[in-house]
Amino acid sequence: MVTPFGPGIKTNSHAFRAAETSFRPVKFFDVSRHRARLAAEIALPEELPPTRLKRKQEQRLDRASKMLLLATHEAWGQSGWAPSENLPLVFGTTSGGMSLGEAYYRQTLGEPQNAKLQAWRIHQYQAQRQALDLCDAFGFSGPITLIANACASGANAIGHAWELIRNGSAERVLAGGYDALSELVFSGFDSLQALSTTSCRPFDNNRDGLALGEGAGVLCLESLDSAKKRDAEILGEIVGYGACTDCHHLTQPHPQGDAALASMVAACEIARLAPEQIDYVNAHGTGTPLNDAAEAAAINRWAGDLAKNIPVSSTKSSIGHLLGAAGAVEAVICLIALREQWIPATSTLETVDPICNFPVVTTPREARLDHVLTNSFGFGGANASLILGRWRG
Amino acid sequence: MDAFRDALKKNTSLPTKELSRPASDRKLHVRQVPAPPTRPSFLAHPRLRRTSPITQYAIAAALEALGQDSEKITQGELRLGIVFCVMSGCVNYSRRFYDEALRDPSTASPLVFPETVFNAPSSHLAALLKTNAINYTIVGDPGTFLEGIALAADWLTSGKVDGCLVIGAEEVDWITSDAYRRFQRKVILSDGAGALYLKTKSDSVEAAQLTAVTSAHPFLKSQSRHCAAAKMRAELPGSAAGTLLSDGIQNLPVLDSAEKNAWRDWNGERVSVKTILGEGLMAAAAWQCVAAVDAVRTKRSSAANVSVVGCNQQAIGAQFVMSNSISSF
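These protein sequence lines are chains A and B, in that order.
Residues 3 to 395 (this note's numbering) make up the first sequence, in order.
Residues 16 to 344 (this note's numbering) make up the second sequence, in order.
Keep in mind that the hints were calculated from the coordinates and are not lab data.
Where hints are given, some of them may not hold.
To be verified - Chain B is faced by these chain A residues, among others (derived, beta-carbon under 7 Å):
no., residue
1, 116
2, 121
3, 124
4, 129
5, 137
6, 138
7, 145
8, 189
9, 193
10, 292
11, 308
12, 309
13, 381
To be verified - In silico negatives: residues of chain A with every beta carbon more than 12 Å from chain B:
no., residue
14, 13
15, 37
16, 192
17, 248
Claimed, not checked - The calculated label-pair distances, taken between Cβ atoms and stated as ranges, are:
no., chain 1, residue 1, chain 2, residue 2, range
18, B, 60, A, 56, 50 to 60 Å
19, B, 122, A, 367, 39 to 49 Å
20, A, 230, B, 118, 41 to 51 Å
21, B, 121, A, 113, 20 to 30 Å
Note that CB positions come from ideal geometry on N, CA and C, so glycine has one too.
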């Protein structure tokens, strides 16, 4: 995984355990005329890990490609997989190489006669390019599926990959999500007044918006039979996935969280788990007034009287909203929590919104976790829930 | 469909129109969807008032493909999955919003930004049809449309949905047209949409049956475009009497060579929709499939192969046959 805390599981585990936050003044583009000025940017390492890419190819990679490559390198190294033909890749993204599209537009208008780098920008801007770069870097040659379901993209990608394995279409799938910060997207959320001008405080009674981040999360998914056969180190299991569409509004969730509830119920049904068997909910928890209220209503309805026993937190309080990467990175955070048996916190919470019938975790703490549920909800009413289970061997 | 059939029957390239490009005197040539004679009734829906052309094209194609089933869906009698496929996506509003943000972010329109998101059209369609079932927007080069068909087939066979729409749509903008010209000066972008409606069983005697979607063969350093196209071709059956090939040829040698080479042994009937309608990107892949299905449904062909050798990602194919003559391979 790659988050604003940096690349790698260890780095992130340490930072989440310490309830750190990663918000800084935006450097990548000018935000002097925007309402919000903070985001969680990633300081990418100067050197990429060794792959099959030549130096020149590496230099052509955009930020999004680099994040995806770094996350894949870590996951691939852990998996012990050898390069194979026909390894399906399923990734979620909302904007691919958007910042290159922006640069193309600025140069086209500002210097119409200057064609320098423009062809490269067109090429690299497209979402499929990041996945194709990955294929060249690691020697993959399978089909590529890119899901662009707004902020649920990463969760949908993992859920879809899981279904490919469940229905026997594939034995292994590389899946995840990625997104890099871009001026257009930052300006878009700013125009909607969805960005916090103070600090991102999911489920806080005084919350005033989300904070954007960037990153990538990648999982090597494999059928249990296949993983056991090769004596692989299994990090955890995916046991449930639900997806549903909220028709209420293009950008606002149904106030009672109807679709969020439906996606959590669907995931639990597939997993054959009741709410009381979920030990922790990693909420979508963006920090916007409407999202958190709707999600809280959905969790209250889903768990009923048992809500008071189910700890909930939003890790977006630490790393921001990673958009197309959010669902994938948060799934990796859940895997860390399951393996290490602790719950990450809503690190910035001050006063809990009374709408929450459930305990919002404010300090990271040890806990026995067997099953955790992670929510991802996006524009367009894209709702997805994943349930991950602890692997006991 | 009538206009589409008519254009294919005439087999003459549709007229182009000029598009201005800011900061340049050079005109761009495109083929755009002609304005309908009357305002489509679906635009009265509150969600659709501000939508950009890509949403309107997608919804028009979707409703036509659904026919009378749209009523069953809105009444909750039929679970409809949606797979919306795009390459360039909502580019009109993306360019407009970014332009506004560059000029002054404090006045950039919050009404425009949400319409820039890839899945905005499929979200509007779901709202119009009141369907809350699974809905994916998938992006990539035009081969993605056939991936979408395979995805729909998976959802149907797993019982996740009762019916599934697969839609490919694009809208023309000077920025995309200008961008494509940098790679191929003679390419003429077009916009529009095409949709297929898949069900496990059809009530109609005119249904076509999807019998195969090939593997997607990506274009890589280790696998050239020609090689990927040849692999796709090898997964589809050879020429047979009554079988149609719906290909992506557009009479531009550099773009066509891999596909032409892959199908050089084909001596059956062929339709090349891009030579008539232009390079519609994802919409063109949808049109290729619609042409194939229409030929089978109307019994002009007993089977139809679809060949998509995409812009920069993959080669992939599919086959449709008459519903009472299932082929196996």
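Exercise. Far enough from chain B: is every CB of that chain over 12 Å from the CB of residue 248 of chain A?
Worked result: violated, 7 Å
Exercise. Can we keep the residue 129 of chain A interface hint, with Cβ of chain B closer than 7 Å?
Worked result: OK, holds: residue 129 of chain A within 7 Å of chain B, min 5 Å.
Problem set entry | Interface restraint verdict for residue 145 of chain A against chain B (beta-carbon cut-off 7 Å) | Since the shortest Cβ distance to chain B is 4 Å, the answer is holds.
Problem set entry | Interface restraint verdict for residue 309 of chain A against chain B (beta-carbon cut-off 7 Å) | Since chain B brings no Cβ nearer than about 23 Å to residue 309 of chain A, farther than 7 Å, the hint is violated.
Exercise. Quick one, is the residue 381 of chain A hint okay against chain B at 7 Å, beta carbons?
Worked result: Holds, because the Cβ-Cβ distance from residue 381 of chain A to chain B comes to roughly 5 Å (cut-off 7 Å).
Problem set entry | Restraint satisfaction for residue 121 of chain A [CB to CB of chain B, less than 7 Å] | Holds - the Cβ of residue 121 of chain A comes within 7 Å of chain B, reaching about 5 Å at its closest.
Exercise. With 7 Å as the cut and Cβ atoms as the points, is residue 193 of chain A at the interface with chain B?
Worked result: Cβ of residue 193 of chain A sits 4 Å from chain B, so the hint holds.
For this session: Answer holds if the nearest beta-carbon of chain B is closer than 7 Å to that of residue 124 of chain A; otherwise answer violated.
Result: holds, 5 Å
Exercise. Close enough to count: is the Cβ of residue 137 of chain A nearer than 7 Å to one in chain B?
Worked result: Hint holds; residue 137 of chain A Cβ to chain B Cβ min 5 Å, cut 7 Å.
For this session: Please test the hint of 41 to 51 Å on the beta carbon pair from residue 230 of chain A and residue 118 of chain B.
Result: Check failed, 59 Å falls outside 41 to 51 Å.
Problem set entry | Satisfaction of the residue 116 of chain A interface hint, Cβ to chain B closer than 7 Å | This hint is violated: residue 116 of chain A lies away from chain B, its Cβ roughly 11 Å from the closest one there, beyond 7 Å.
Exercise. Taking the minimum C-beta separation from residue 192 of chain A to chain B, is that value above 12 Å?
Worked result: violated, 6 Å
Hints 1, 10, 11, 12, 15, 16, 17 and 20 from the list above are not met by this structure, while the remaining hints are.
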